[in-house]
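K.L.:
If you want the building blocks of each chain, they are given just below.
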Amino acid sequence: MSHPILETRDLTVRFGGHVAVDHISCSFRAGELTAIVGPNGAGKTTYFNLISGQIPASEGSVLLNGHDISRMSVAQRTHNGIGRAFQLTNLFPNLNVLENVRLVIQSKAGRGFNMFSMASDHDDLTAPALEIVKRVRLSDQADQIVSELSHGDQRKLEVALLIALDPLVYMFDEPTAGMSVDEAPVVLDLIADLKQRKDRSILLVEHKMDVIRTLADRIIVLHNGALAADGDPAEVIASDVVQEAYMGKELTDV
Amino acid sequence: MLTKLLSGDMPRSPVLTVVLVAILIGLAFAPFLFPGVRSVDTAARICVFIVLVASYDLMLGYGGIVSFAHTMFFGLGAYGVALASTHMGRGFDALLVGAVSGALLAAALAFIIGLFSLRVRAIFFAMITLAVASAVAVLVSQLSGLTGGEDGLSYKIPRELGPAFKFADGEIFGVKMNGKLLKYYLVFGVSLVLFLLMLRIVHSPFGRVLLAIRENDFRAEAIGYRVVHYRVAATCISAAIAALAGSIYAIWLRYVGPDTSLSMEVMIDILLMVVIGGMGTMYGAVVGATIFILAQNYLQNLMGSAASAFEGWPILPDLLNADRWLLWLGVLFILSVYFFPTGIVGRLRGGK
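In order, the protein sequence lines correspond to chains A and B. Taking our numbering, the leading residue of the first sequence gets 1, the next gets one more, and so forth. Taking our numbering, the leading residue of the second sequence gets 1, the next gets one more, and so forth.
Hints are not guaranteed to be accurate.
Below, in silico cross-link-like pairs of lysine to any residue (SDA-like), each with a Cα-Cα straight-line distance of 20 Å or less [claimed, not checked]:
| id | chain 1 | residue 1 | chain 2 | residue 2 |
| --- | --- | --- | --- | --- |
| 1 | B | K4 | A | T126 |
| 2 | B | K4 | A | S117 |
| 3 | B | K4 | A | H122 |
| 4 | A | K108 | B | N216 |
| 5 | B | K4 | A | F116 |
| 6 | A | K208 | A | A177 |
| 7 | A | K108 | B | H229 |
| 8 | A | K195 | A | T214 |
| 9 | B | K4 | A | D124 |
| 10 | A | K208 | A | E174 |
| 11 | B | K176 | B | W252 |
| 12 | B | K176 | B | E160 |
| 13 | A | K108 | B | D217 |
| 14 | B | K4 | A | M118 |
| 15 | B | K4 | A | N114 |
| 16 | B | K4 | A | A177 |
| 17 | B | K4 | A | S120 |
| 18 | B | K156 | B | H229 |
| 19 | A | K108 | B | K4 |
| 20 | B | K4 | A | D123 |
| 21 | A | K108 | B | R226 |
| 22 | B | K156 | B | D41 |
| 23 | A | K108 | B | V227 |
If the Cβ cut is set under 8 Å, some of the chain A residues that face chain B in the computed set are [unchecked claim]:
| id | residue |
| --- | --- |
| 24 | N96 |
| 25 | E99 |
| 26 | S107 |
| 27 | L190 |
FYI, nobody ran anything at the bench for these hints, they're computed from the structure. As the structure is a prediction and not an experimental result, all values here were calculated from the model. Here a beta-carbon is modelled for each residue, glycine too, at the ideal position from N, C-alpha and C.
With the sequences and hints as input, model every part of the structure.
P.N.:
Right under this line is the structure:
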């Protein structure tokens, strides 16, 4: 555990009169995996959107390594080290698996405005993309069009895009949602591998208790947009208040 | 070599290969294969429209950007050459100055329109382009002192590109070795180079980003691509190439007017050619433009002869009367869009 990579200060967003995220101040350290839990509508995904920039904050700030990134566009935040995977699969559906990953590597390499060379000639982009496709066990499907993949494989690719981006802050939004019991472990193993990188911070929105118990170093609980609890997984899970009031039937031992 | 030239985009369908090779040979040897003023004129028109339609496809099929200002960019290039030739006198320098300034102006205008409207919503951009294009069309027809108004401009192009210039004695296959032939090959050569350039652009890393943005702009931004920058860049490139197409068209016709380059009709023709050929394929522009312009130029004749063949039958001669050619062109489009929703190229490649 070291210095905080990511910090939110009084981060707030209002939609009309509704406060979706209410003055959340929280910091996330390198080498730490933080699980974010709370009932549906608690503001978990909105909190993510504020950090990665899809929604502008009404108030408060987001700091990455001490620098305020609140006014940056999504793409700028991405280049600075915020990486996001999405709850609803959000890929390039008519491109193939390899191309999806390659695009991320190309973005990192800053070669998007290269117009006069052939994309397929950039072997230094294709090779690492192939490597990542292999890591998420999609090698056999590398040439397949994404919209033809099974749901589970699309979830794997969703994670692959984030791994390809290799950000300072990994943000996973229910990475195993809708995956079968056989498939989910592949994704969870990948996340466990990422934990070995001590210079990265991982944020994970997750409902499944067993996943949280095995992976999380820390849990924060959101309720009605506010931070309701923050601490060691075992303690937070055990606290009755959190159990009854905030988690209710959301947390299930799957 | 061929793969490099085509940027790795092989036709991937035997029928499409045959069609494309036939079109290439037809256009490359048009003055020899189809001698006659009208047929060579048709071939030149096809060359110009292949470039124009492909540049539109670059924006629509690859960038997912709907624009109605493509004829405006086309017109800027055409008027650039016309004005330069009028005021600088005949000469290749005038052609070059006109073409380059037309292309730069088109890119600059696209940049401004794009910057102001592309960051909002695609539909907003489409409406702005419609408004700007209409304004420019009105402006051109009103500023008759500069542009010749509705009458357009006629001007002289270098002697070397006219029928009076003979660069070799005698004839090959009955074709005179004169400037007219040179002019055709100027149009053909420039068109070919521009088309291959666009084919390269769509298969470059930049082209892949455009595809990604078309597929899912939200995610493209999230993996680090500034969507607005790429859309604006694609619009500028497309506009500049459309202007160059306009320039070679102006060189070919030695005339520009609102009807040939700026009218909404030309815009609709472009849209139809893209859709018939197949969006987002580049080769669709080749097939679409060729079929469309051949139909535009020869359907009337074809129907005239069909009508006389059925002389004496009930109704048929009336239906096939040459004056009804637009009706049949319309029917042809509806059928092709209905049966080939992905365009002819999409269909031939066995796409969905």
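K.L.:
Provide an ascending list of the numbers of those earlier hints which the structure does not satisfy.
P.N.:
16, 18, 19, 24, 27
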